[in-house]
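Undergrad: Next come the chains, spelled out residue by residue.
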Amino acid sequence: MFDRLKFYRHPVREEELSAHLDGRLSPDRARRLEEHLRSCDSCSRKLADLRALAAALREMPDAPVPRSFALTPEQVRDVRPVRPYAPAGRLYPVFRNAAAAALVLLFAFVGADIFLESGGGRSEPQGDMVGAEKSMEAPSVTGVTADEEKSERQAFGENLATPLDTTGALRPPPVPVPVAPETPLPGAESTPLLVLSPTAWGTPMPGESLTPLPDLALTAPGTPAAPGAAQPAAAPEKEEDRVWLRVLEGVFAGSALGLLAVALFLRRRSRRA
Amino acid sequence: MRLQDRTADEALLVARSKEGDLAAFNVLVETHQSRVYNLCLRMLASPEAAEDAAQETFLAAYRSIDRFWGTAFRAWLLRIAVNACTDELRRRRRRPQVSLEAGSAAADGPLEPPDSSPSPEEWALRQEVSRHIQDGLMKLPYDQRAAVVLCDVQGLSYEEIAQTLAVSVGTVKSRISRGRARLRRLLLERAELLPARFRHKIDDRNIEDGAGAPP
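Here the protein sequences come in this chain order: A and B. For the first sequence, the numbering used here begins at 1 and goes up steadily by one. For the second sequence, the numbering used here begins at 1001 and goes up steadily by one.
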């Protein structure tokens, strides 16, 4: 007890005695310690004890090795293939960069998606014309010409703006119900942006379910394309692009997550051992 | 000069081990196995546990030799050994039927005195002291035990211990100091068990100690 109290008031810390034993004090500090030792019995005793202890530890005899620890080829055959430790450190940056790339792509595609959604309304007139040309050249829904691919972007914006197309794409097999194709659904065009919200995809617009527009193109291939009829012709294909965009976004999001998980796993692995 | 030769040889052997040259690696094993085994023995106080830990050390070293860069091969190897001892302790603690305390007495038991030993009596005395010190070491916290063993038993420099334990030199200094202080107290507590020759070195201090010099 008393011992303890005294220790806290003592000018020399125990750590310094230990360091002095190993010659690890600066000359200045060592000189002051030596001075203190001359007047302090307790410290000189402690230092003598520590010195005796260190000597005894040094004298602890080394035990002879019980056997050779040299590795046999059998031991190593199991070890070498199980070397994930070594590659783990090197593979980690690869997976980390791949995950970053997937994330960048994901953002790019989401960005494009958002851009096309908002830009669709603005480019409507232009898209209208492109759609008209297209329907004349390739009336079939499935037929894809080089021309179409070129004008894809513009047509894309166009078809997004019209509510009719979106619902039409959701039923790929054309319903064989020939309904008056000339009906251009006047009410639909007045509310273009409404349909763009994803919730609207599944729910048919009022009245629209009766007039599946893909049919329009199929049933009347040879008819001169009126501006109203042109839109539906391009619609299913464009909508398909949109679906692909979503699929790609999903793929990139999934692979980014997966790669990130692998990268984190590798890093943890490489930090161990 | 001699030392430089050895480190150059070692670098060559490490390089060849990285290429999968088992013979080169085994030269390294032969060079360091005594130190590694004795470190494990002091850390674990059981010859069986030390043997397992030493074998695991060299297997782990071979497995990860690709990841060793630099010149401090011995510190790197000893670090693996310290980690292997941690694992071994954990494993034995999970299976308590293999007691470390039981192995402690055997740790220094079957040793034959080396030729340089002064006399059989002196040798027996050293064995006795060693056993008490080993018991004391086992009561130290693991970090302090490792620092004291590396410093006082194995004679490594503070810098090399810092590399081995992956801590700063300041931390090494304080761990050694606290470990020694604790070991000293433990030995003083059971001074009557120590052989007479050693006892009069540090005995009779517990009364005077601290109270000796009033301020």
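Honestly, the hints are just simulated from the structure, not real lab data. Each hint should be verified, as a subset may be incorrect.
As the list claims (entries may be wrong) - Covered stretches of chain B (chain A as the covering partner; in silico rule of three or more C-beta atoms under 8 Å from a C-beta of chain A):
1. 1020 to 1028
2. 1034 to 1041
3. 1047 to 1055
4. 1058 to 1072
5. 1084 to 1094
6. 1152 to 1166
What the hints assert, rightly or not - With the C-beta cut set under 7 Å, the calculated list includes, among others, these residues of chain A facing chain B:
7. E15
8. L57
9. R58
Stated by the list, open to error - Here are the simulated distance ranges between beta carbons:
10. B:A1008 with A:R267: 46 to 56 Å
11. A:R267 with B:S1157: 30 to 40 Å
12. A:A261 with B:S1168: 15 to 25 Å
13. B:E1121 with A:A55: 10 to 20 Å
14. A:D22 with B:R1094: 12 to 22 Å
15. B:A1166 with A:R246: 43 to 53 Å
Using N, Cα and C, we set each Cβ at its ideal position, and we do this for glycine too.
Undergrad: Taking the hints in turn, state whether each one holds.
TA: Okay, the hints, checked on the actual structure:
Using a Cβ-Cβ cut-off of 8 Å, 4 residues of the region 1020 to 1028 of chain B lie near chain A, which meets the minimum of three, so the contact claim holds. Check on the region 1034 to 1041 of chain B: 5 of its residues sit with their Cβ under 8 Å from a Cβ of chain A, so the three-residue criterion for coverage holds. Interface restraint, the region 1047 to 1055 of chain B with chain A: holds (4 residues with C-beta to C-beta distance below 8 Å; minimum three). Note: the region 1058 to 1072 of chain B has 8 residues with beta-carbon separation from chain A under 8 Å; the three-residue rule is met and the coverage holds.
Look at the region 1084 to 1094 of chain B against chain A: 0 of its residues bring a Cβ nearer than 8 Å to a Cβ of that chain, fewer than three, so the hint is violated. Check result for the region 1152 to 1166 of chain B against chain A: holds, 4 residues qualifying (beta carbon to beta carbon below 8 Å, three or more required). Taking 7 Å as the C-beta contact cut-off toward chain B, the hint placing A:E15 at the interface holds, the least distance being around 4 Å. A least Cβ separation of about 4 Å between A:L57 and chain B falls short of the 7 Å threshold, and the interface hint therefore holds.
With its C-beta approaching chain B no nearer than about 6 Å, A:R58 sits inside the 7 Å limit, and its interface hint holds. Roughly 34 Å separates the CB atoms of B:A1008 and A:R267, a value that falls outside the hinted 46 to 56 Å. At roughly 32 Å, the beta-carbon separation of A:R267 and B:S1157 lies within the given 30 to 40 Å, and the hint holds. Distance hint check for A:A261 and B:S1168: the Cβ-Cβ separation is about 34 Å, which falls outside the suggested range of 15 to 25 Å.
Range check, B:E1121 to A:A55: about 18 Å between beta-carbon atoms, so the 10 to 20 Å window is met. The hint said 12 to 22 Å for the Cβ distance between A:D22 and B:R1094, and at roughly 37 Å that hint is violated. Taking 43 to 53 Å as the suggested C-beta distance range, the pair B:A1166 and A:R246 conforms, at roughly 49 Å.
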